[in-house]
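Visitor: With chain C fixed as given, assemble chains U, H and R onto it according to the hints.
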Amino acid sequence: MVANAVLHVADVHKNFGGLRALSDVDLRVDEGETHAIIGPNGAGKSTLLNVCVGRIKPDKGHVVFDGEVLDSHTPYQINQLGVSRVFQTPEIFPDLSLLDNVMIPAFASRDGAFRLRPFRKLRLEGDVRAEAEKNLEDVGLAALKDTEAGSLSRGDKRRLELAMCLIQKPKLLLLDEPTAGMSRHDTNRTVDLLKTIKQRGMTKVIIEHDMHVVFSLADRISVLAQGRIIASGKPEEIKGNPVVQEAYLGGAH
Amino acid sequence: MTKLLDREPVALVVFSAVILLMPLWLTPLGANYPDLLQKFAIFAIFAMGFNILFGLTGYLSFGHAAFLGVGSYAAVWSFKLFTMNVLPAIAFGILFSGVFAFLIGYVSLRRSGIYFSILTLAFAQMCYNLAYSVLTPITNGETGLQLTLQDPRIIDRMFGPAGAGLPSTNFFGLPMSGYPGFYFCAVMLIICFFISRRIFKSPLGLTLLGIKSNQNRMNYTGFNTRPYTQTAFVISGMFAGLAGSLLAVTDPLAGAERMQWTASGEVVLMTILGGAGTLIGPMLGAWLIKYFENIFSAFNDATLEQTFSFLPEPLANAAVAISGLFVGEGWHLTLGVLFMLIVIFLPGGIMEGWRRLVRWIGGGGGGKAKTESAAVAQPAE
Amino acid sequence: MDALLLQFLNGLDKGGAYALIALGLTLVFGTLGVVNFAHGALFMLGAFCAVTFNKILTLEKVVLDPEQKTAWGTPLEIRTPYVEAWLGDFGAFLLNYSVPVSIIVAIPVMLLIGVVMERGLIKYFYKRPHADQILVTFGLAIVIQEIIKHYYGANPIPQAAPEIVSGSADIGAWFGLAGTIVYPWWRLVFFGFSVVVIGAVFAFLQFTTYGMVVRAGMRDSETVGLLGINIQKRFTVVFGLAAVVAGLAGVMYTPILPPDYHMGMDFLVLSFVVVVVGGMGSLPGAVLAGFMLGILQSFASMNEIKSIFPGIDQIIIYLVAVIILLTMPRGLMGREGVMEE
Amino acid sequence: MSKIALTRRNLLKAGAASGVALAAPMSFVRGAYAEEFCNMPTGSTVTLGFNVPQSGPYADEGADELRAYQLAVKHLNGEGDGGMLNTFSSKALKGNGILGKKVEYVTGDTQTKSDAARASAKRMIEKDGAIMITGGSSSGVAVAVQGLCQENGIIFMAGLTHSNDTTGKDKKRFGFRHFFNAYMSGQALGPILAEQLGKDRTAYHLTADYTWGWTQEESIKNATENLGWNTANAVRTPLGAGDFSQYLTPVLNSGADVLILNHYGKDMVNSLTQAVQFGMREKQVNGKNFEIVVPLFSRLMAQGAGENIKGILGTTNWNWSLQDDASQAFVKSFGQEYGFPPSQAAQTCYVQTLLYADACERAGAFTPPQVIEALEGFEFDGMGNGPTLYRAADHQCFKDVLVVKGNENPTSQFDLLEVVKIVPRDQVTYDPAIFGGELGPADVKKC
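Protein chains in written order, with UniProt numbering: chain C, 1 to 253; chain U, 1 to 381; chain H, 1 to 341; chain R, 1 to 447.
Rather than coming from a laboratory, the hints here were simulated on the basis of the structure.
Heads up, a few of these hints could be off.
Simulated DEER-style distance windows between Cβ atoms [to be verified]:
{"id": "1", "chain 1": "C", "residue 1": "Lys-57", "chain 2": "U", "residue 2": "Trp-360", "range": "51 to 57 Å"}
{"id": "2", "chain 1": "H", "residue 1": "Asn-303", "chain 2": "U", "residue 2": "Asn-317", "range": "54 to 60 Å"}
{"id": "3", "chain 1": "R", "residue 1": "Ile-422", "chain 2": "H", "residue 2": "Pro-66", "range": "28 to 34 Å"}
{"id": "4", "chain 1": "U", "residue 1": "Leu-149", "chain 2": "R", "residue 2": "Gln-413", "range": "46 to 52 Å"}
{"id": "5", "chain 1": "U", "residue 1": "Leu-357", "chain 2": "C", "residue 2": "Gly-126", "range": "29 to 35 Å"}
{"id": "6", "chain 1": "H", "residue 1": "Gly-199", "chain 2": "R", "residue 2": "Gln-413", "range": "50 to 56 Å"}
{"id": "7", "chain 1": "R", "residue 1": "Gly-436", "chain 2": "U", "residue 2": "Ile-344", "range": "52 to 58 Å"}
{"id": "8", "chain 1": "U", "residue 1": "Leu-149", "chain 2": "C", "residue 2": "Phe-119", "range": "42 to 48 Å"}
{"id": "9", "chain 1": "C", "residue 1": "Leu-124", "chain 2": "U", "residue 2": "Leu-149", "range": "52 to 58 Å"}
{"id": "10", "chain 1": "H", "residue 1": "Gly-192", "chain 2": "U", "residue 2": "Asn-317", "range": "49 to 55 Å"}
Predicted, not measured: the structure shown is a model, and the values here were computed from it.
No residue lacks a Cβ here, since even glycine has one placed at the ideal position from N, Cα and C.
Extracted from the complex, chain C is given alone in its bound form (with noise of 0.2 Å):
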């Protein structure tokens, strides 16, 4: 079981001034696995993701990927071991097209950091546009492929954003409330995307509020509360714990 673990949370410890914002946090998940983290507001989850994609660096502990310690890794270096992140607030490329803002990140894939080939003609990456087009008709927005991504609806952009990362085939993506601003018809289709990933074997780290989404995809759910993990299991077994009952979802349902 520790063989597989694609990612290893080890003992992180963060503080903001004072402000614990994690402590003591243990997580693995393993290949394969969906995992979902739920909690209160301001429980850390954001700062567990930040801690992930090495935008914030813990106090104490580590992360571990892959079997690679990302203690000096950048946010770009933890991109090329193959950790994508759909964000809270979109993050796209507003001013360029659809299938622009998918292709980005494809090539970022094929030619890693930094590939200098500054004559290479854009018209002649057939494979790559074919791979975006996909893409983007997997999350349903293929019809607007030439369209400026800035003018998309909150729900589209976080779609788009989704197409972005699942262009990279990442072994492990971090989703941070992908449905959150959705209407239900739009929620019950990125639920339904997921799974399809799912099958695909790709690693998931989701943080969601929705209930109906969480229990739809997890595989485990690790709850989070002021910075600790209280709880870790299979749905059923969060679903029955008093603790995590008390502490989040008898407050919140």
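Guide: Leaving out everything else, chains U, H and R in the frame of chain C:
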């Protein structure tokens, strides 16, 4: 039509034809004389290069004139020390400005936004101030670096003794002043257009646009953005160096004021005026500004009186008085008004005007493709 | 020692001017998010408020005297100033104090100019890219300059300080060291004035709702809109305030630097450097950077230092800017995310 | 018709040029119109190029130069009262243009930048067909344009340029200067300084940190040190410093009793204003009154410095208060035309235009080598500066130099300078060898 222009050979042929025929179609505008034609070509290169940095990556350099100046000095020194042939001069100009751009870019690109702008400005101003004063042995200060009869010119001397007067720059014997000089610059411009076009339409160009649009996303997408911005900075510095050395080729003199912030500001204005991020917009901006600088400043009361002499005298006097405010010594006023009008009515510069025109001719409104300006500062999460 | 003290005073004086100009620039930057290249022109317009006021005071009645001829044969003009003719001693008094008195004129005029500029032009550029803002304000600056040049010419126009402060203060004497530190009164007045204006601006921002809008707006302009405050009006006032501060600096600087139409451009680049070194969106940063750069510039110009580093006085400001921006990513006191995109 | 309109010649050029563009070698662009030398006037008119600063710090000076040029053209064409044509010792000019051709002119803006000035001059040469270029308000620009004119075989009659280099190390066969230079300022000013301020003085120089400033500092330093003065220090100040306080405070405690400001234009106005503000006029050092000297003066600068200029010593090329016939005639026609007296820049530009026209008349041709020959070594009078020699060795005019001081009791707003002494020409004449440089050839060139 637009589709056709997208094809590389077509685009190159059309562009080359437009540039090489400039002496013809600029005649009715009174701009057909070698010096202005040369300036048109040279500053088009400068602005095009600046656009590779600013238009693609969004990094607004306020010190690009430094590279122009370095290119000029390097070229004139090549004329002084080695040969009057222009090829080594251009090579030196590009090389030195490339090295300068690498160093300045390496330091400045550690910061972004306005911090980057001020860093580049600071470097350029230091170059200018030093070139004007303490570096006079290298730059000849206020007067500008010029050819003298005592220059060694070692390579030329190997082939023959020095003549009585100052030699002129040449391309294997063909003198580089007047129209030949223009055609030389024009060919350089066409090459630059080709390079610039290729970069725009390459994955590199797309990557740079990604940096402009959302640098944060680029980092989480696995790009090491610094080498990319550094590359863009060096390429655009080399374009500037080429432009600077061409200034020296057509007129072998390099002055420090070429590096002053006003010169850096000028290329910024050219680029924005024409349309930053468009392929030929910056060139159009450069032409417009140079045209005003050279043609509008040349009007005086006498020429105005001639122009309006067909009117009855009181009317003619009034016309001369009013138009006199905008030409001759008032040409700056016209330029200022023009800047304001274009940016107010054509956000996106001349190219935006062109697009609107095309859309208008193409029939009715532009549909829903209307682009909201997405310049709202991105929230820092 | 006294040489150092004198240079320190010079630095304070320069710093006062830099800080005053930078203050308005950073206000407009931070609150409205506008890169205002016409800010130098506002400084220049302030100076020309003083010039115009003086011109009005010295309006002369011109009488041609056919008896006497000029060297070129036209009748000689006999000129008598109206003010003195009408107001007598009070006129002479006004004339003597024309620079400080013109502050009273400059405040409403500059406020009006600022408001008109903001209402008529700048407000349409809040959401536009910085590049567009640069182009439009630069164009505006050129237009303002050319108008001034058309009416006043390109030559500097001298303005005298009031007689009572035209001499020098023997500061050393206050400490029992007469004759060592002698400094012009007017420069001391200017320094004091700049401190007062800076203090007033800070007080204004501290104790009024405008201040709240400014401070909140510098943090997050969207939230301010939610507070239900008429943000447009506040923005207009902030821009007017920036114009007034720049204008007052211009007025008070005239006896030190005879104004000409181009003086705004000369200060423009410098004030941008000051603002950025201070840190985007930080008012105290701008003031601190202004004084720091002023003082460093003065010290760098000392012969002892110039003999070691020739030309250092020419580049010191830029050198310091580079060093600070490389060691402190957002200048002295800048905040994350302001004008970094 | 304005100059923008199509002319047959431009069309020919363009046609030929674009033909070249498409196929043939460049050589027949030149063949498209044959002429003996660059811009040889072939019609009934001759075009002169007036290249003056119209924007930037010297715009007012440039405007005054342009007025003088326009006046000169009028007089050459026989309009107006003739001005100095009536007093000029050479009587070759008849008021019927130059060699019977009516004088026309084109103007341009130098912006006081070498690049812009050269671009403007090139426009005049290449587009407008100017046969002579004149103007300028700074030495950097003059040297740059002079070099250009040498390359193009066009005669350049320098306007206001005071650096030794213009007719020293950067002298050119096609370039001529009527204005005096820094060396002459030093030679003229030195003895007066000794006479008025005494021989036991210590000077402190503040010098604009560029070529002109340095040559003036050197010239004045040499002249004063020869008279027994000491030099406490010579400090370089950046161009356009604005506030000079950091350079002025060290002067106060340096032991110097004279401050010499080697500044021009705005720098001079600012540094002088501020020096006075620092109490330097009232100061006593070593039991002597502290004095300020501004070696190069102009009336426009005096206007900018206001009260502060009163009593300050300096030199100038010419002043309108001179009482000789020529000066009076010029002031009269200028004053009647524009309503105020001319500046020294206006005078030198006016005279240069007349001298060029006269040289053409005497040579009987516009051919540059012949005109150059006519100007070289030309001895004349009646132009406001007394008997004057255009020295052949360096194309510098030698004439009397005025030592002036700021007028204590001006009678009008223009009466700002008072002539202290007219220093005779012999006293300021020097050996051309001291500055080196080479004139170069006088070959005829084709455009």
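Visitor: For each hint, tell me whether it holds in the structure or not.
Guide: Here's how the hints hold up against the structure:
{"no.": "1", "hint": "C:Lys-57 - U:Trp-360: 51 to 57 Å", "in the structure": "holds (55 Å)"}
{"no.": "2", "hint": "H:Asn-303 - U:Asn-317: 54 to 60 Å", "in the structure": "holds (58 Å)"}
{"no.": "3", "hint": "R:Ile-422 - H:Pro-66: 28 to 34 Å", "in the structure": "holds (33 Å)"}
{"no.": "4", "hint": "U:Leu-149 - R:Gln-413: 46 to 52 Å", "in the structure": "holds (48 Å)"}
{"no.": "5", "hint": "U:Leu-357 - C:Gly-126: 29 to 35 Å", "in the structure": "holds (33 Å)"}
{"no.": "6", "hint": "H:Gly-199 - R:Gln-413: 50 to 56 Å", "in the structure": "violated (41 Å)"}
{"no.": "7", "hint": "R:Gly-436 - U:Ile-344: 52 to 58 Å", "in the structure": "holds (56 Å)"}
{"no.": "8", "hint": "U:Leu-149 - C:Phe-119: 42 to 48 Å", "in the structure": "holds (44 Å)"}
{"no.": "9", "hint": "C:Leu-124 - U:Leu-149: 52 to 58 Å", "in the structure": "holds (55 Å)"}
{"no.": "10", "hint": "H:Gly-192 - U:Asn-317: 49 to 55 Å", "in the structure": "holds (52 Å)"}
The structure shown violates just one earlier hint, number 6.
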